[in-house]
Amino acid sequence: MSASKQGMESNGYVYLIGAGPGDPELLTLKADRVLREADVILYDDLVSSDILARYHAEKIFTGKRKDNHHFEQDAINDELVRQAKEGKRVARLKGGDPFIFGRGGEELETLRQHGIRYEIVPGITAAHGAASYAEIPLTMRKLSSSVAFCTGHPVTKIQVPSADTLVYYMVASSAHAVLEAVAASGRPDSTPVALVHNATRYNQKALFGTLGEWLRGERAVYSPALLIIGESISLAVADNWFQAKPKVLLVGDDPALMLLSDAFFVSFTKAAQRETLVAEPLELHLFDALHFASVADVEAFVEHYPSLPSTLRVTCATDQVMALYRQYYGG
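According to UniProt numbering, the stretch in the sequence shown is residues 1 to 331, in order.
Calculated from the structure, these hints are not laboratory results.
Glycine is no exception: its CB is placed at the ideal position from the N, C-alpha and C atoms.
Worth double-checking, as some hints may not be accurate.
[What the hints assert, rightly or not] For lysine-lysine, the following DSS-like pairs were computed, each having C-alpha atoms within a straight-line distance of at most 25 Å:
(1) Lys59 - Lys88
(2) Lys85 - Lys30
(3) Lys30 - Lys88
(4) Lys205 - Lys247
(5) Lys59 - Lys30
(6) Lys59 - Lys85
(7) Lys205 - Lys245
[What the hints assert, rightly or not] Label pairs and their calculated CB-CB ranges:
(8) Met322 - Gly63: 38 to 44 Å
(9) Arg54 - Tyr328: 25 to 31 Å
(10) Glu86 - Thr315: 45 to 51 Å
(11) Ile120 - Ser190: 26 to 32 Å
Starting from the given sequences, assemble the full structure and let the hints guide the process.
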């Protein structure tokens with residue numbers, strides 16, 4: 001190896017990677033390959049623990065959500081540089097896409113300033129994920145020939161582009177202000193509005209109404225959430241393809257089960273639990289079924305969830321697993 005090439009190798013390499021909007025299966029093939037080769041992963045709060053559990057690299061939680069930053073942006077930039085200068089392959093893993101309200105541009109500038117090599121791996125952004133899983137076409141012949149991605153912050157400077165469909169990110173604390181700005185721009189009260197929580201996750205919730213109804217009413221908005229505004233929302237249906245899919249909680253690892261079903265699976269594994277630094281309890285009542293893969297999985301699960309909803313259909317991989325499940329939960 002030449003001296004110049006050896007110098008480049010010792011300076012490490014950084015990948016800015018989009019993890020997608022929530023559903024682990026929306027991670028791209030390239031992102032998966034890069035993460036398998038990484039020495040260290042710096043990841044944000046909205047990255048699925050199911051994704052993180054797949055990889056053996058050192059993991060550093062940077063915890064970014066509004067008003068709850070484990071790392072400030074400058075500290076993240078410094079950490080990227082430090083890790084790369086140690087000669088590591090660094091994966092900077094962000095929810096959605098790094099260049100759509102992901103502050104990937106700021107990190108890119110830092111890497112350029114320090115002469116660190118890098119690569120961009122796009123991800124499915126929240127707008128695309130939410131629209132597809134809520135069955136809302138962002139563009140539609142005769143209804144919408146343009147779409148704009150916007151942010152709900154800062155509240156005093158909310159922009160309202162002239163696009164047919166508007167998508168506002170990060171609206172947990174600013175939804176009403178965004179809608180007021182949209183109304184003030186001249187959109188009629190009859191304009192369709194959709195609010196999507198937890199896009200592409202098992203607990204996704206989509207709320208529909210008109211601009212006027214939303215402005216007159218009081219609705220709870222919690223993070224993560226985005227607003228979609230435009231006439232193409234009128235094509236959405238409440239019982240869409242994603243809502244109609246059975247939601248199955250898979251406790252443990254049983255790949256054969258996933259291949260045989262068209263259900264939407266959520267995994268609960270010991271590895272995934274270790275990756276969940278900001279734990280949000282599973283909403284068990286939203287699942288149609290639960291499957292235990294092994295005796296060890298029953299024992300791990302009961303530590304977190306000592307009781308189960310009576311409506312939950314439970315299956316087990318073997319009779320031994322079923323016997324232990326009944327010992328803990330009855331039935």
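Now for the hints, and whether the structure bears them out:
no., hint, in the structure
1, Lys59 - Lys88, "holds, 13 Å"
2, Lys85 - Lys30, "holds, 24 Å"
3, Lys30 - Lys88, "holds, 19 Å"
4, Lys205 - Lys247, "holds, 14 Å"
5, Lys59 - Lys30, "holds, 19 Å"
6, Lys59 - Lys85, "holds, 17 Å"
7, Lys205 - Lys245, "holds, 14 Å"
8, Met322 - Gly63: 38 to 44 Å, "holds, 39 Å"
9, Arg54 - Tyr328: 25 to 31 Å, "holds, 28 Å"
10, Glu86 - Thr315: 45 to 51 Å, "holds, 47 Å"
11, Ile120 - Ser190: 26 to 32 Å, "violated, 40 Å"
When the structure is compared with the earlier hints, a violation turns up for hint 11 alone.
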